[in-house]
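Sequences are here, hints too, so could you generate the full structure?
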Amino acid sequence: MSDLLTVFAGTWAAVHLDVIAGVGLLAGAWTGAWLARGERPSAGEATSLAGALVALLVMLNGPVHELSDRYLFSAHMVQHLVLTLVVPPLLLLATPGWMIDALVARGPLGRLTRAATRPVPALGVYTIALVGWHLPAAYALALEVHGWHVVQHLTLMAAATLAWWPVLGRSARAPRIAYGAQILYLFAFGVPMTAVAAMITGAEDLLYPFYATAPRVLDLTPLADQRLGGVLMWVPAAVVPLLAFTVVFFRWAAAEAE
Numbered sequence: 018m019s020d021l022l023t024v025f026a027g028t029w030a031a032v033h034l035d036v037i038a039g040v041g042l043l044a045g046a047w048t049g050a051w052l053a054r055g056e057r058p059s060a061g062e063a064t065s066l067a068g069a070l071v072a073l074l075v076m077l078n079g080p081v082h083e084l085s086d087r088y089l090f091s092a093h094m095v096q097h098l099v100l101t102l103v104v105p106p107l108l109l110l111a112t113p114g115w116m117i118d119a120l121v122a123r124g125p126l127g128r129l130t131r132a133a134t135r136p137v138p139a140l141g142v143y144t145i146a147l148v149g150w151h152l153p154a155a156y157a158l159a160l161e162v163h164g165w166h167v168v169q170h171l172t173l174m175a176a177a178t179l180a181w182w183p184v185l186g187r188s189a190r191a192p193r194i195a196y197g198a199q200i201l202y203l204f205a206f207g208v209p210m211t212a213v214a215a216m217i218t219g220a221e222d223l224l225y226p227f228y229a230t231a232p233r234v235l236d237l238t239p240l241a242d243q244r245l246g247g248v249l250m251w252v253p254a255a256v257v258p259l260l261a262f263t264v265v266f267f268r269w270a271a272a273e274a275e
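Each residue of the sequence shown is one higher than the last, beginning at 18 in the numbering used here.
No lab work stands behind these hints, which were simulated from the structure alone.
There could be a bad hint or two in this list.
[To be verified] Simulated restraints on C-beta separations:
(1) T172 x A46: 17 to 27 Å
(2) A229 x A175: 30 to 40 Å
(3) A205 x R54: 33 to 43 Å
(4) D222 x L158: 12 to 22 Å
(5) V137 x P232: 37 to 47 Å
(6) L120 x R268: 22 to 32 Å
(7) P138 x W115: 22 to 32 Å
We treat Cβ as the ideally placed atom computed from N, Cα and C, and that holds for glycine.
Here you go:
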């Protein structure tokens, strides 16, 4: 535990300028769109955006990022959980329909967006990205080459945004699905991450050799760390869709009562 505290103390200043720049551009574009429209966002939209940006900054800088990159597989899975189950839904909640529709122009881009955000393709893309990046060869490439690590994070977030869209999308041109379909969809939403978590947790051997030589900052063997990472993925894969299911159910009931 003392080694872990030492790592935390020594990595608070580990700031990645590309992350800071990306977060700043995102915040600037969102704010600029509201200013150009001459309106103010709701408190919920502003809070959602702030939550997403803070989550990005915390996960991709400082101790969490350093532990993920150099020491612990389990820390890396916490990072991936936040990038797929926290940041994308917050961004969708923060982005009003008119802003999305301005980006989703008519023509090929609009048709592609409408097709990609339908339940089957959206969940398919999410599954491919999630499973693909956790295969040993692809995962090792992301750890060894920083550019591929950036691509890994961007594709996971983009695919997760598509996967959340049928439930949280606010676009008139690529609308969310009906409440009843959302209920069914959320049952399937957690399956890809559950499958990946089961593969990792149940593995008898170390899937990611990088961690065999990583410095030990907790009293965990590399295999125990791998299994901890799998369990950390497994629980949110069930809990987060259940929470979303509950919210959708009550919204559906309220809509039917009107």
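The hints, checked one at a time:
1. Under the hint 17 to 27 Å, the C-beta atoms of T172 and A46, about 20 Å apart, fit the expected range.
2. With their beta carbons about 31 Å apart, A229 and A175 fall inside the hinted range of 30 to 40 Å.
3. At about 36 Å, the beta-carbon gap between A205 and R54 stays in the expected band of 33 to 43 Å.
4. About 19 Å separates the C-beta atoms of D222 and L158, a value consistent with the hinted range of 12 to 22 Å.
5. Checked against the hint of 37 to 47 Å, the C-beta distance between V137 and P232 comes to roughly 44 Å, which is consistent with it.
6. A beta carbon spacing of about 25 Å between L120 and R268 agrees with the range 22 to 32 Å that was offered as a hint.
7. For the hinted restraint 22 to 32 Å between P138 and W115, the CB-CB distance of approximately 24 Å keeps it satisfied.
Checked against the numbered hints above, the structure violates none of them.
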